[in-house]
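Q: Chains R and F, in that order, give the protein sequences. Count the first sequence with our numbering and you get residues 1 to 215, in order. Count the second sequence with our numbering and you get residues 1 to 455, in order.
Calculated from the structure, these hints are not laboratory results. Do not take every clue at face value.
[Claimed, not checked] Derived BS3-like pairs: lysine-lysine, alpha-carbon spacing no greater than 25 Å straight-line:
# : chain 1 : residue 1 : chain 2 : residue 2
1 : F       : K211      : R       : K92
2 : R       : K152      : R       : K170
3 : R       : K152      : F       : K211
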Amino acid sequence: MKRLLLAALLAGCAVEAPTGTEAPPRVQVPVDEVVEDTGDLIAAKELAPDLRGRRRLNIDQINASIRTTTGFGWVDDDGDDRFEQLAETLGKPDYVQNTQEDLAPSLVFQKFLTDAAHAVCGELMSAEYQRQPEQRVFFVHAEPSDGVAEQKAAVEENIRYLLLRFHSRKLDAGADELDQWLWLHESGEFVSHDARLAWTAVCVGLITHPDFYTY
Amino acid sequence: MTRFNRRRFLGSTVLGGLGLGLGLRSFPVALASGDKADRYFIFCYFGGGWDPMLGLDPRDPAVFTNNVVGDTRIHTGYELLQDNDEEFGPDPRVQVAEDVFFGPYIGDLADHWADLAVVRGMSMETLGHGGGRQRFITGKLPSGSSVRGSSATTHLAALLGTDNDIPNLSVNVESYNLDQPAFASALRVGSVPDLLATLRPEGTDLDEEAKRQISQLLADAASCPDAQRSKLLREAEAARAGVDELLHAGLDAQFDFGADSASMANLRTHYGFEGDNTGLRSAEAQGALAVTAITSGISRCATVRVANGLDTHGSNWATDQGPRQRRGFNVIARMIEDLKNREYGQTGESWFEHTTVVGFSEFSRTSRINAQGGRDHALTNACVLAGGNIVGGQIIGRSSDVGLAPFPTSLTTGQPDEAGELIHPEHIHRALLADAGVTEDVMDVRVDPLMALLP
Numbered sequence: 001m002k003r004l005l006l007a008a009l010l011a012g013c014a015v016e017a018p019t020g021t022e023a024p025p026r027v028q029v030p031v032d033e034v035v036e037d038t039g040d041l042i043a044a045k046e047l048a049p050d051l052r053g054r055r056r057l058n059i060d061q062i063n064a065s066i067r068t069t070t071g072f073g074w075v076d077d078d079g080d081d082r083f084e085q086l087a088e089t090l091g092k093p094d095y096v097q098n099t100q101e102d103l104a105p106s107l108v109f110q111k112f113l114t115d116a117a118h119a120v121c122g123e124l125m126s127a128e129y130q131r132q133p134e135q136r137v138f139f140v141h142a143e144p145s146d147g148v149a150e151q152k153a154a155v156e157e158n159i160r161y162l163l164l165r166f167h168s169r170k171l172d173a174g175a176d177e178l179d180q181w182l183w184l185h186e187s188g189e190f191v192s193h194d195a196r197l198a199w200t201a202v203c204v205g206l207i208t209h210p211d212f213y214t215y
Numbered sequence: 001m002t003r004f005n006r007r008r009f010l011g012s013t014v015l016g017g018l019g020l021g022l023g024l025r026s027f028p029v030a031l032a033s034g035d036k037a038d039r040y041f042i043f044c045y046f047g048g049g050w051d052p053m054l055g056l057d058p059r060d061p062a063v064f065t066n067n068v069v070g071d072t073r074i075h076t077g078y079e080l081l082q083d084n085d086e087e088f089g090p091d092p093r094v095q096v097a098e099d100v101f102f103g104p105y106i107g108d109l110a111d112h113w114a115d116l117a118v119v120r121g122m123s124m125e126t127l128g129h130g131g132g133r134q135r136f137i138t139g140k141l142p143s144g145s146s147v148r149g150s151s152a153t154t155h156l157a158a159l160l161g162t163d164n165d166i167p168n169l170s171v172n173v174e175s176y177n178l179d180q181p182a183f184a185s186a187l188r189v190g191s192v193p194d195l196l197a198t199l200r201p202e203g204t205d206l207d208e209e210a211k212r213q214i215s216q217l218l219a220d221a222a223s224c225p226d227a228q229r230s231k232l233l234r235e236a237e238a239a240r241a242g243v244d245e246l247l248h249a250g251l252d253a254q255f256d257f258g259a260d261s262a263s264m265a266n267l268r269t270h271y272g273f274e275g276d277n278t279g280l281r282s283a284e285a286q287g288a289l290a291v292t293a294i295t296s297g298i299s300r301c302a303t304v305r306v307a308n309g310l311d312t313h314g315s316n317w318a319t320d321q322g323p324r325q326r327r328g329f330n331v332i333a334r335m336i337e338d339l340k341n342r343e344y345g346q347t348g349e350s351w352f353e354h355t356t357v358v359g360f361s362e363f364s365r366t367s368r369i370n371a372q373g374g375r376d377h378a379l380t381n382a383c384v385l386a387g388g389n390i391v392g393g394q395i396i397g398r399s400s401d402v403g404l405a406p407f408p409t410s411l412t413t414g415q416p417d418e419a420g421e422l423i424h425p426e427h428i429h430r431a432l433l434a435d436a437g438v439t440e441d442v443m444d445v446r447v448d449p450l451m452a453l454l455p
């Protein structure tokens, strides 16, 4: 487990540009050259085209993204949309009292995004287990029962597909950035002895990762 | 008492920036340590722009008659009021002391006159709802629709709330943090049920270990140089870590006002709301929430919306403006009573002696009735304060007897004074900060405090 954790820590920050993409290589700005508390402002000479300040998706966009990627919405027992129920709390404008949406990645936002992720991922796993392989949207390159130990290639291939589906990140086979997700799957399986829960953890991680809700 | 100083502030900023508190109950810590001023704050917002002539700043209908409206440019409109619950005489004002009157809809707040400081003739300098709200909340005129400063509650929470689980709580009212540490940002929710949902863990298939692993992956991602360079991603990670701490703090039971327990039943009875979904989303429930958050040590500052729908441009002014104001004033009255009934630690003092309650609206309404039978937006405002060190039983400032214009006031005596200044919201914020021991202009509002509020 410690080996896995170390590998993940080392690989978690991998920024090697994958081959086969058209994105230009990133200019790495050393952290110690960035003054704290200046937001996303970086001296103009250091700016690269892909280093714009990130923004959070608004609630409608997140709702649509979750429904598009998983096929399920976050709903209550009556089928009513929880994002709609929580619109005021999540900072959606009502165009009576306010007209601008609060796009801060606040504590309340994080709480309910996590709740949504757990809910839809549970639904998605249940559905995927019932579906024929050609109908699946989550297990496209791996079987639900596949684990890293026995089917590493299939699991890795599926995670590459999921990162493209959820984060629009196209990674090559063997890319360092895959390691953290493989670690999450493997350690989840190690602890729970249940591949389904391991994949559920991957699903929740994908939705609660900033690459899903920021751009 | 040890006052908060800049060095202490900077130190707490570093600690506080790590997350939203450290999962500790604040009351014993704050009180025992004596590190911070023992001051707490509740802001009560009346949404839509209130009419002070019906509440905080009335006029004598025998003097301001309809015959002299051309001269005074003031039409009390008292004869137009339509209230199913009350019948008003020719002078519907409520007298609370010699020469001190409130409007007919002051409600039960009049019973607390001895504790109230009413500021009249305050200038807002803006007529937009959002702009007026931002003006009062931040003490600065916004630039277009963009605020130019952090909320007063954010500043107060940053200075005093390092030990609180939710230093700054806001229900249905916006809050801003442009320049203060992340922990001081308001936790904003729309209602009591939504706060409960925020504080309660949701059911999930995953066990705690699996959730920790996900959290580890996200924390690792946030520690990368790319993520560290982004202010938004740093804030996102701080907030995400804060969720874990908040859920583990187990605060939800404090706000489960619908629970079938004697204490919650008493609370509902005192504030006058039911335990159903409608009741829990009411202004009365928000009042209970604010007092609970403060007195349980969870928050330093709480902001709630105690009245809504006050933007009465048409005939609904005669039917709705007054009753809606009265409902909000009654909520404040219940809060004052609740605070007075709760002992502050084992000091023999009440929480009311340590908690300042502020009632405000974004602006007021015109002194004359418009062609639709309502009132439009007006610059001259009023507000009411009570509790803490606020000197009660006083009226500060006045609006003019011609058109209800702002009038200069002495900041030290509170009396109308041609040589004084027009009172703005920031004068009040500075007084609240001064009461908390902060004499520096930390909000950078560049005015002096309205010291007449304090002993």
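Q: Hint by hint, say whether it matches the structure.
A: Here's how the hints hold up against the structure:
Distance restraint check for K211 (chain F) and K92 (chain R): the Cα-Cα separation of roughly 28 Å exceeds the 25 Å cut-off, and the hinted pair is therefore not satisfied. The hinted pair formed by K152 (chain R) and K170 (chain R) meets the criterion: a straight-line CA distance of about 18 Å does not exceed 25 Å. Our distance criterion of 25 Å between C-alpha atoms is met by K152 (chain R) and K211 (chain F), whose separation comes to about 23 Å.
When the structure is compared with the earlier hints, a violation turns up for hint 1 alone.
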